[in-house]
Amino acid sequence: MKSSSGGNAVKLFCMRNAVPIVFLLVSSVGIYYSQFTAEYLIQEMLTRLARNSFLVLSLLIPIMAGMGLNFGMVLGAMAGQIGLIFISDWNISGLYGMTLAALIATPLAILFGWMCGVVLNKARGREMVTSYILGFFMNGVYQLAVLYGFGSLVPILNPELVLSRGYGIRNVTNLDNIRGTLDNAIELEIMGIHVPLATFLLIGLFCAFIVWFRRTKLGQDMRATGQDLSVAHSAGIPVMRTRIISIVISTVLAAYGQIIFLQNVGTLNTYNSHEQAGVFAIASLLVGGATVARASILNVFTGVLLFHLMFVVSPMAGKYLVGDAQIGEYFRVFVCYAIISLALVLHAWRRHADKERARAALRGEAGGAA
Amino acid sequence: MNRIKKFIEEAGWPRILIAVFLVVLFLVAPFVGVPVDAALSDTLVRFGMNGVLVLAMVPMVQSGCGLNFGLPLGIIAGLLGAVTSVELEAKGIPGVFTAMLIATPIAVVLGWGYGLLLNKVKGEEMMIATYVGFSSVAFMCIMWLVLPYSSSNMVWGYAGVGLRTTVSVEEFWQRAISDVAAFNIGDAFYFPTGMFLFFLLLCGVMWIFMRTRTGTAMTTVGSNPDYARASGVNINRMRTLSVILSTWLGALGIIVYEQSFGFIQLYMGPFMMAFPAVAALLIGGASVKKASIVNVIVGTFLFQGILTMTPSVINSMLQTDMSEVIRIIVSNGMILYALTRVTKVRS
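As given, the protein sequences belong to chains F and G, one line each in that order.
Heads up, the first sequence is in the numbering used here, so the first residue is 82 and it goes up one at a time.
Heads up, the second sequence is in the numbering used here, so the first residue is 53 and it goes up one at a time.
These are computed hints drawn from the structure, not numbers from a lab.
A hint or two may mislead.
[Unchecked claim] Partial pick of chain F residues on the chain G-facing surface, computed with a CB cut under 7 Å:
1) Leu-189
2) Ile-191
3) Ala-204
4) Thr-211
5) Val-292
6) Ile-408
7) Ser-422
[To be verified] Over the 12 Å line for every Cβ pair with chain F, so calculated as not near, a few chain G residues:
8) Ile-60
9) Thr-264
10) Ser-368
11) Thr-392
Positions of the beta carbon are idealized from the N, C-alpha and C atoms, including for glycine.
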């Protein structure tokens, strides 16, 4: 405590943002070695920011409600994909198609989210691992429905979507009818770099929604629930209901996020797209300096930017640095998982230390050494 | 009637449904043209292959560290042992034991570090274990490319460096343990006696260990940490020991698996291997806090039985292969059931 207050502030800033700072350093080394042009990188970052931000933003509300990282957001992604399958079947294109897909996805996502919320309420204290397994479980149900139900129980008109055996959706669904519709809805080019303005407007709108939502009664209830379950309960907040609502909102938003993501990508990997959505979104958020208990809008954008910067840069950097792109490829997979483990460990560690300290305080000065 | 009710309550609906499902599969099999002897033999072989991996869950569950989703860490130790034994060109039973011998110190060191980590994060073990497993597999993907192995049986032919995705052990120790005193009945029924004996030996040792002073202390730590501390048990030491044991059994488990399977699967191979093992243990009647050897044996048999029987039976009945989907739903449904049940009992 001897150092000046300014030094302390810097120290605190570094400690709080250790993860983004490390990432920035690693990426800048990567950028140097990857030999990409600035133009390419900026374009790539803008595209990816537009593509992924919405998905990552959908994670914020459950964190506020104290339910940790919502690995169950893949349920929402599945709902979004089902909506997309239907509109490509009916061949409805453009913004109408996207809106219709979102409309179809909404009730499904509400249903999934409600289910997820009920399950998580039964597994209090281990929400993250439960939502994670729930994602796997629902992946099985989704496959059952899409691979066996679609085309047999659910009528699919377009034979191009269906596997040659007569039912089940093909591995890859082409989304040509909505590819880039939102990104190109408002044309804007700055110095040869295409800016997906409409998507950014939508994301901005959504950020405003989150800021507003935090101030509502429901938002305040959620924060109280996140702080302390039993205190919130005795204050008369319907705790279980609030938790379910937070998961429902997150799931619905994840569905929209997945639709936005896929309209940019342009192809739907029917059986894989949703699996990656969760892992990448969560890793991005954590890279942005969020923790399991605290996440802000700023964390989202920093995270998406830094995470995807590394994602773009690492294969080429690996190739020029060690002569093997494969190593860079594996490196980014490793970083993706390592960053999640690190964040989880740090969070659990801190919580554990807090608990110990609270107990030591109860015991008084003498027992402090335990 | 009461006894039946009590039995159902204790075993839980999902387990009974799964057992009934398996029995139905075996009953239906002959009528849809699936040869029962081959199916049974397959089930037994897979049971032996996966048994040790499921057994590796027990110490950690007993000491209160939860389900070992970090099993890939142990598997990696086993893989390193296996790959090194192939590099040394060790063959037959000595080959398998060389692999195990090399894997042991690696597993102990990795398990020790993993145990220390889990001691720092009590209450969040399972989520962190999952990601420790994932990141270690991803890290090893880099290592497999870089490690200086040079045996022509294992490295990529054209580059001369980096291990292949799958390494065959056919010339070295394929079925070295399985074939000890193995016998055939008819054409299709093969019984891997050696593998069963090895699995039962490990089960027996574990059973005895759980009844020693240390084993009892470990169980106490899991079921009532405060009581354990009051009795003078060092909680963290017991937990670390259990994690080391689990990791080591995981290493042995994967070697047993490989010698029967005939291939060493590197890179992303071990990525998802924890989940079937966890599901098998839970199907056998274990919970997140309690697991016994009987749970291991029953669970592995039921789970592997379903995995073997569903593709063949459902295929012949519906002309489609739904086995993958059924596997996903059954195994994750089972884990989900166990996770949501624990808190219900507690509150």
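Taking 7 Å as the limit, does the beta-carbon of Ile-408/F come near enough to a beta-carbon in chain G? Result: holds, 6 Å to nearest chain G Cβ.
| said: Please verify that the nearest CB of chain F lies beyond 12 Å from Thr-264/G's CB. | reply: holds, 28 Å
Q.
Checking a non-interface call: every C-beta of chain F should be farther than 12 Å from the C-beta of Thr-392/G. Is that right?
A. The assertion about Thr-392/G is violated, with a minimum of 4 Å to chain F.
- Against chain G, run the beta carbon of Ala-204/F and see if the smallest gap drops under 7 Å. holds, 5 Å
message: Checking hints one by one. Is Leu-189/F an interface residue toward chain G, by the C-beta closer than 7 Å rule?
response: Where the cut-off is 7 Å and the nearest Cβ of chain G is about 18 Å from Leu-189/F, the hint is violated.
Status of the hint placing Thr-211/F at chain G (closest C-beta pair under 7 Å):
Hint holds; Thr-211/F Cβ to chain G Cβ min 5 Å, cut 7 Å.
Review point. Does Ile-191/F pass the interface hint, meaning its C-beta sits closer than 7 Å to a C-beta of chain G?
Key: violated, 20 Å
Decide, holds or violated, for the assertion that all CB atoms of chain F are farther than 12 Å from the CB of Ile-60/G.
-> Per Cβ check, Ile-60/G is outside 12 Å of chain F; nearest 20 Å; holds.
**Report entry** Closest CB of chain F to the CB of Ser-368/G still more than 12 Å away
**Finding:** holds, 16 Å
Regarding the hint that Val-292/F lies at the interface with chain G, is the smallest CB-CB distance below 7 Å? violated, 29 Å
request  = Against chain G, run the beta carbon of Ser-422/F and see if the smallest gap drops under 7 Å.
outcome  = holds, 4 Å
In summary, the numbered hints that this structure violates are 1, 2, 5 and 11.
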